[in-house]
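K.L.:
Read off the chains here:
Number of protein chains: 2
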Amino acid sequence: MTRQEFREWTTKNLVILDGATGSNLQKRGMPSGVCPEAWITEHREVMRKLQQEYVDAGTNILYAPTFTANRIKLREYGLEDRMAELIHSLVSISREASAGRALIAGDLTMTGEQLSPVGTLDFEELVDVYKEQIVLLDQAGVDLLVVETMMSLQETRAALIAAREVCSLPVMATMTFNTDGRTFYGTDPATSVVVLQSLGADAVGVNCSSGPDTMLNFVREMKKYAKVPLIAKPNAGLPGINEAGETVYDMDADTYVTHMHALIEAGATILGGCCGTTPEFIRKLSESLPDRRISFQPAEPVRLLASERKVLAFGLNERFHIVGERINPTGKKKFQEKLRNADYSMVRSFAEDQTECGASVLDINVGMNGIDEKETMLKVMDEVMAVTPLPLCLDTSHIDVMEAALRRYPGRALINSISLETEKFEKLLPIAGKYGAMFILLPLSDEGLPKSLDEKKEIIQKILDRALTLGFCREDIVVDGLVTTVGANQKAALETLETIRYCKEELGLATIVGLSNISFGLPERSFINAAFLTMAIQQGLTMAIANPSQDLLVNSAMASDLLMNKPEADLAYIHRMNARKADEAPTPITGPAKSAEEKSEQPKV
Amino acid sequence: MTRQEFREWTTKNLVILDGATGSNLQKRGMPSGVCPEAWITEHREVMRKLQQEYVDAGTNILYAPTFTANRIKLREYGLEDRMAELIHSLVSISREASAGRALIAGDLTMTGEQLSPVGTLDFEELVDVYKEQIVLLDQAGVDLLVVETMMSLQETRAALIAAREVCSLPVMATMTFNTDGRTFYGTDPATSVVVLQSLGADAVGVNCSSGPDTMLNFVREMKKYAKVPLIAKPNAGLPGINEAGETVYDMDADTYVTHMHALIEAGATILGGCCGTTPEFIRKLSESLPDRRISFQPAEPVRLLASERKVLAFGLNERFHIVGERINPTGKKKFQEKLRNADYSMVRSFAEDQTECGASVLDINVGMNGIDEKETMLKVMDEVMAVTPLPLCLDTSHIDVMEAALRRYPGRALINSISLETEKFEKLLPIAGKYGAMFILLPLSDEGLPKSLDEKKEIIQKILDRALTLGFCREDIVVDGLVTTVGANQKAALETLETIRYCKEELGLATIVGLSNISFGLPERSFINAAFLTMAIQQGLTMAIANPSQDLLVNSAMASDLLMNKPEADLAYIHRMNARKADEAPTPITGPAKSAEEKSEQPKV
Ligand SMILES: [Zn+2]
Ligand SMILES: [Zn+2]
Ligand SMILES: [Zn+2]
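In order, the protein sequence lines correspond to chains A and B. Taken in order, the first sequence gives residues 839 to 1443; the numbers are from the working numbering. Taken in order, the second sequence gives residues 839 to 1443; the numbers are from the working numbering.
Next comes chain A alone, as it looks inside the complex (with noise of 0.2 angstroms):
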């Protein structure tokens, strides 16, 4: 099947999956300790049998009994070496049992290593992992793949990259959540469908977790967000322990299915059961759904931003973000020192502080000499991540830093940036692409800085026309307005302004500035920073890279946000400020946490 063809099926169809697998293998005699997937084979017909139980029951797609089928897995029972065997032979098992009547999914989950820097594997050979998998599984002849009962977000994106890297498979993939909302590793919901979706999985949702009725504010979060088809695969309700010891949950199929249509009601349309579900409760599902056409609706589009923990939807007429610039060496001897000795105690004060003084985004940008920029970048965004919720924006002119970056960054992340520059052009877009990243557009071309404000409408009209075309939306992308010294160009500000108009107004695009520019070699800057960047908020920026710590510009922006009758503006505003009295020490208004390093900083393009 072609990702094309699930995507037309899946939209237009409610589409039955199976039930649970391991805990009616074990009710038909597979003990615990075992591995699974050498038991099945040794059981075909259990099995077997099991699941044309489902596709009589309604099924439309038959998970193979592939789930733990990786080497990391195999390797606890001393199978690593029978892997392509046993996925070859699982697989067959459910041709057998559909005979043509249900799709096979070849089923991938988590190998039970942890991934650095909390347990000791590495991202990349976790891909390998996955890919030799997949590989077998695309063999096999599976039609299709999921990846499910995820609780790392992280593990999933591994699991991704890889399908996408050796086969074309359609991808399903579905994580599980604590009762907190929250997997293991702490992503909820709507981040997960956020990150997934982007990254090119097919269709997103929960599986496992807990019953029907719990999951359903899950799919409710991630249906806000939802461009693709949403996955419910419920447990039968809460695990308990019957008089004879055995694991038992606590829902009847009929109670089920009523939740399922509540599922269905939130927007799940890919339905199926986890633990303690039965081909009952699959039939009982299939029975109550006799006209499966839906018409499926993508959410409202918008500007979505995460880490591996949180979510920063923005749109057009929302309350102003900033994105922290203080992880810049540029100009700071002292920073760059401990970064040459690997000593990343400022990097996390820098997080830590811009992440309490309101940056909505942290900007990573690990420029300077002396350093391995790659591995520099993926240790800070470690060390970044340890301290701050806050999604990243990667900040590099080199090409292969920022693909590193992309691929290891666990959320969807803001590219700084993308110009028409030939080779930023030609490269970073497919990249950005392939990672499903959001990215800054800057109009500049191997020219350097547009000669006039209509050579810079032309730049930004390039560049998005190319991105539209590579399949990347109107929301993927943020324009910077491009602020130039108005100390050089006394039209500068007004140029700006009316950039962020036209790309807010005409081009419905989103919008950036660097502030400090504007002001360079003037005295005082702070006030024409704020200043400018009223006006700016005024004509409909979205978000600007600065020092949050600057209380004259937060205060600005907040004020601006207020009086533009922004949603919840006030209320932020008061917020603050009451924070802002409490606090023991008035801040002196030029910038208090700026030290003289980040002022002497030169204007940057």
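Simulated from the structure, these hints should not be mistaken for laboratory data. Just so we're clear, the structure is a prediction, and the values are computed from it rather than from any experiment. It cannot be assumed that every hint is accurate.
Unchecked claim - Just a few of them, taken from the derived set where beta-carbon distance is under 7 angstroms, the chain B residues facing chain A: (1) Ser1290; (2) Leu1291; (3) Asn1327; (4) Lys1329; (5) Ala1331; (6) Pro1361; (7) Glu1362; (8) Ala1369; (9) Phe1370; (10) Leu1401; (11) Met1415.
Unchecked claim - Simulated crosslink set (SDA-like; lysine to any residue; CA at most 25 angstroms straight-line): (12) A/Lys1289 / B/Lys1404; (13) B/Lys865 / B/Glu1081; (14) B/Lys1329 / A/Lys1289; (15) A/Lys1329 / B/Glu1081; (16) A/Lys1404 / B/Glu1362; (17) A/Lys1329 / B/Glu1362; (18) A/Lys1065 / A/Glu1003; (19) A/Lys1404 / B/Ala1326; (20) B/Lys1419 / A/Lys1289.
Idealized CB from N, CA, C, for every residue including glycine.
Got chain A; can you put chain B with the ligands on it based on the hints?
P.N.:
Same frame as chain A, now just chain B with the ligands:
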């Protein structure tokens, strides 16, 4: 002659006045120390012959020799009871000399007594003195009036007001400037033309003062703002004493004529001579101008306010202005007490502080209980004018107080304010017209605040239409954007910003806002006020009523002007910031000069 006929004539033709009277009469036998009016009536033939020579030389307007024929001057010679007889006799000499070939101007000048507060003469007494002289001149049949050799703008205003209240004759007014370009009382040429033409002078200019060479700059300065024809009536160069001990002037007739052509080039169209000039000068001037046709070009429309010493000219795209709001007792207990005790020390310090802090205009409001508001207003105006050259914005809700203040104010004031409230609309508009003031159009009606933006626009349009009908031009009006509280109406800022845009872009009107209402009830109001001001400036705001010692507010405004690329705004910003750095103590941002009392002000409408 009607004012309309005068206008038609003087805007289509060069007009030749006469030359000197006094210096020629002295040469022809008038001794010094005598009353000129009495001597002339006793030597009618001498005067008649001199004036015949002028008419023969080409004079179009003869000045009747009634120069000091006013009650105060004549009283010095004990001749005040003969005033009527003298004036009739003097005018009849000119009529005989003219024999219908030239118009006769009734001539007035200063009385020699100084007005209070410098001298003891009350302004209304002086108006009455002039009224008496003008009524007699009118009865004697003069064709127009000329108020000349005026060293006091306020005394010239008294003569103009007198003329307007007792006759309908055209009035020409000429001031005399020292070589530094200021009158004895400190008025410059630009200020005099702005104030006198707005008060209804039909032609304005310079006489005596100096030779025609030095006069060139005075005329040029006037031409910048002149909407009426300009008069140049210079001396024959500089005075000296000859061997015989007589006063002689150093310029001959040919040189004089050459310089007079430069004055014509500079914009003077009503031309004559003062001390030292003779009928020969006028003849040579007349012969040098065979073609008298002109096409009068009034100055480009521009908004003009003036004190007695300074013009404030502003367009719609120039630097932002602050109207200092501090001279207002509302909410200030201590200030109220001082005013009640006629202690004006705080008035003076508020005026000085606001001038130093960069206000362009000072608002004067003395509305409070327990005082005679009219008397206090006039007193406060005197005190303020003694310490600052800034023009005033007269702020009272009582029509009688407003009229008294306008009548006395020796500049061109800004009225705060005229609304559609019946009483104000009906009575204040004509009063504003009579005294030639600019006014703030406040979009309120008898029903109070407009209920919607549309209603606000309708009210603005109604007042504008009426004002245009009454002879105002768009440059006479500044619309109050009517700032309400964003805490009460979340769209308050957006609605005011739209009002500013509408007035500027669609109606061509200047705008003003009172800033403090916007943030009423919110914490840390200064940031909201500053951001709102920045947005308003971006939208085209012309001026704001504010406290100019609020550092953040003024810095934001100046930064905004700089960003908007307004003329000279960069230099102004750099200048202010360098001055600020030079100050010993940095001032906290939330407004050090604002007392606790001022902070507690209620929102005003
Ligand atoms: Zn399960
Ligand atoms: Zn003279
Ligand atoms: Zn001051």
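K.L.:
For every hint, state whether the structure bears it out.
P.N.:
Hint check:
Taken as an interface hint, B/Ser1290 does not check out: its beta carbon lies about 16 angstroms from the nearest beta carbon of chain A, beyond 7 angstroms. Because the beta carbon of B/Leu1291 sits about 14 angstroms from the nearest beta carbon in chain A, more than 7 angstroms, this interface hint is broken. The restraint placing B/Asn1327 at the interface with chain A is violated, with a minimum CB-CB distance near 9 angstroms, outside the 7 angstroms limit. The beta carbon of B/Lys1329 is positioned within 7 angstroms of a beta carbon in chain A (closest approach about 6 angstroms), and the interface hint is therefore held.
The beta carbon of B/Ala1331 is positioned within 7 angstroms of a beta carbon in chain A (closest approach about 4 angstroms), and the interface hint is therefore held. The restraint placing B/Pro1361 at the interface with chain A holds, with a minimum CB-CB distance near 4 angstroms, inside the 7 angstroms limit. Because the closest C-beta pair between B/Glu1362 and chain A is about 4 angstroms apart, less than 7 angstroms, the hint holds. Interface hint status for B/Ala1369: upheld, as the beta-carbon distance to the closest one in chain A is roughly 4 angstroms, under 7 angstroms.
Given hint, B/Phe1370 at the interface with chain A, holds; its Cβ is 5 angstroms from that chain's nearest Cβ, closer than 7 angstroms. For B/Leu1401, the interface hint holds, the least distance from its beta-carbon to any beta-carbon of chain A being 4 angstroms, beneath 7 angstroms. Contact between B/Met1415 and chain A, as hinted, is supported at the beta carbon level, the nearest pair being about 4 angstroms apart and thus within 7 angstroms. The suggested pairing of A/Lys1289 with B/Lys1404 holds, with an alpha-carbon distance near 22 angstroms, which does not exceed 25 angstroms.
For a cut-off of 25 angstroms, the pair hint linking B/Lys865 to B/Glu1081 stands: about 15 angstroms separates their Cα positions. This hinted pair does not check out: B/Lys1329 and A/Lys1289 have alpha carbons roughly 39 angstroms apart, beyond 25 angstroms. Taking the CA atoms of A/Lys1329 and B/Glu1081, the gap is about 66 angstroms. The hint is violated against a cut of 25 angstroms. About 19 angstroms separates the Cα atoms of A/Lys1404 and B/Glu1362, which keeps this hinted pair within 25 angstroms; it holds.
With a CA separation close to 32 angstroms, the supplied pair A/Lys1329 and B/Glu1362 exceeds the 25 angstroms bound. Straight-line distance between C-alpha atoms of A/Lys1065 and A/Glu1003 comes to about 22 angstroms, which keeps the hinted pair within the 25 angstroms bound. Of the pairs offered as hints, the one joining A/Lys1404 and B/Ala1326 holds, with about 15 angstroms between alpha carbons and a cut-off of 25 angstroms not exceeded. Taken as a hint, the B/Lys1419 and A/Lys1289 pair is broken in the structure, with Cα atoms around 36 angstroms apart against an allowance of 25 angstroms.
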